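Each step along the first sequence adds one to the number in the UniProt record's numbering, with nothing skipped, and position 342 is 342.
Check before you lean on any hint, since a few could be wrong.
[Stated by the list, open to error] With a straight-line cut-off of 25 angstroms between C-alpha atoms, the simulated PhoX-like cross-links for lysine-lysine are:
1) K398 - K91
2) K65 - K250
3) K326 - K48
4) K317 - K65
Hint data in this document are derived by calculation from the structure and do not stem from the laboratory.
All values derive from a computational prediction rather than experimental measurement.
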Amino acid sequence: MPVARPEQQQPRVIAHVDMDCFYVQVEQRRNPALRGQPTAVVQYNDWKGGGLIAVSYEARGFGVKRSMRGDEAKRVCPGINLVQVPVARDKADLNLYRSAGSEVVAILASKGKCERASIDEVYLDLTDAAKEMLLQAPPDSPEEIFMEAAKSNILGLPSDASEKEKNVRAWLCRSDADYQDKLLACGAIIVAQLRVRVLEETQFTCSAGIAHNKMLAKLVSGMHKPAQQTVVPSSSVQDFLASLPVKKMKQLGGKLGSSLQDDLGVETIGDLLSFTKEKLQEQYGVNTGTWLWKIARGISGEEVEDRLLPKSHGCGKTFPGPKALKNSTSVKGWLDQLCDELSERIQSDLNQNKRIAQTLTLHARASKENERDLAKKFPSKSCPLRYGTGKIQEDAMKLFESGLQDFLESQNTGWIITSLSVTASKIFDIPSGTSSILRYIKGHSPAASPAIPDSSSVPEDPSLGDVP
DNA sequence: TTGGCTCACACT
DNA sequence: CAGTGTGAG
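Let's have the full structure, built from the sequences with the hints guiding it.
What follows is the structure, given as C-alpha cells:
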C-alpha cells in the first residue's frame, strides 16, 4: 500500500523519462527496415501468435493494443511486423533490452540524481542543474533558450501546434515573478537536451514529464507521445488533478482505486478533496489515508533515489495449461535452465558492477490434480545465495522440494506446476578500495554459512574464476 | 492461459 | 527475518 512521505519544503525539479515503445525501438535499431512501419514485439509465437509486449505507434494507429495476441494484431493490422523476443535456454531472454536500457540510463544520469525505475523509465532530480542554469543563463534572455523550451508542452496552456512556441514564450514572460516556474523551464530545457543526446547516441526516442515531484512528472510523461515532453506548472496542478480519473494515478490502478470508486464514490482525484484527512485515514489507515489526502493536493515528497541498477534479478517462466510440469524431473530440468540464466546474470553483475547478491528465492505456482484445492498457494522459499551455477541449481531444487512438502501437507495427491521463478536479491556493493574481492566473499558471503542443511558437501565450483 | 516476465515495495 | 500481497509496465 502507498505510504505518505514527509513533504519537501523546497521546490524540486523532477523529470520522468519514458522510452517510447522501447522493445520495438530496440528491434528497429537492430533492423532498420522496421523503422516507420507498424511493428510489435511478441514472445512465444506458438500459441495464438504470441503475446504482444510492445507496439509501435504506427501499429497503434490500426488499433493494435498491448494486450493482444499476435493473431489478433494481424487481424486488425495485416501489414504488421511481428518480431519475436530472443529465446535462450528455451525461455524469453530480455538481456538485449536490459542492456539497451543501460545505455539510456548512462546518458540520463549525467545531469543529476538518476533513478532507474524500470527497464525503460527513469526519474531525474534536476533541481541543482536547473538552479545552476538559472544563475548562469536566465531563460528570459537568449533566443536559443526559448527555442529549446518551445519543444515542451505546457500543461494548462493551449497546445495548438502552431501556437506552441508563442505559448511557451508567453508562459515564461508571464512568470517573471515566479521562481518555481523558471526552475521548471530550466528543467525542461535540460531534459530536452538530454533527450537529444539519447537520440543521437542510441537512436532511441523518449518522452518526458517535468514537474515539482515524481507523481506529477510520471503522470504527464506519457501525455504527449511519442518523442515529446510535458511540463506541469504549479498553477495548473489543481485543474489537472480535478478531472483525472483515479485509475490513472500510479498506485490506484488496482484494488485501492476500485475501492475508492465503489466504497467512496470517488471517480476523479478531485473528488478526493471532499474527504477530510481523518475520514480517509479511518477508511484506509493512517499511511494510505494521508497519502491519498496529499496526492489530491498534488503533494508528494517521494525522493528520487540515486540508483542506476536493479535491486534484484529474477528469471521465471510460466507453464500454462497442457504445458504444466507434472513431475520432479521436468521441474528440475526447467529449474536448471532458470538458474543457469540467473547465475550468468548475477555473475556479470559481480564482474561489471562489483555487486554481490545474498539471497536466493524460489517462487512457484501449483495446483493439485483433480482436487478442488485451488486456493492453496505454493509457498515461496529462500536461502543464502551461493555463487556458481551448480550450487544455485542445487539450492533452488532444495527450495522447491521444501516448498512442495509444505504445499502438499503430507497428503500424497498429484500436483502440477504452472510457473517457476528464481530471484537473486539483497544485492550489495562490494566495498571498493581493497582489491581483495575474494577475501570479502569468504568473510561475508553466505558460502561461509550455508543455510541449506547441507548433507551432501559439494565439490568446489570454480565459477568465480573471472573475478580478479 | 488470470497475456509473460520482470521489477519494487509495504505489511506482518 | 522470511514470506505474502499489491501494483506497474
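Hint check results:
Simply put, K398 and K91 have alpha-carbon atoms about 22 angstroms apart, close enough for the 25 angstroms limit, and the pair holds. In summary, the hint linking K65 to K250 is supported, as the alpha carbons are separated by about 20 angstroms, within the 25 angstroms threshold. The straight-line distance between the Cα atoms of K326 and K48 is roughly 24 angstroms, inside the 25 angstroms bound, and the hint therefore holds. Between K317 and K65, the direct Cα distance comes to roughly 23 angstroms. Compliance with the 25 angstroms bound is thereby established for this hinted pair.
Checked against the numbered hints listed earlier, the structure breaks none of them; every hint is satisfied.
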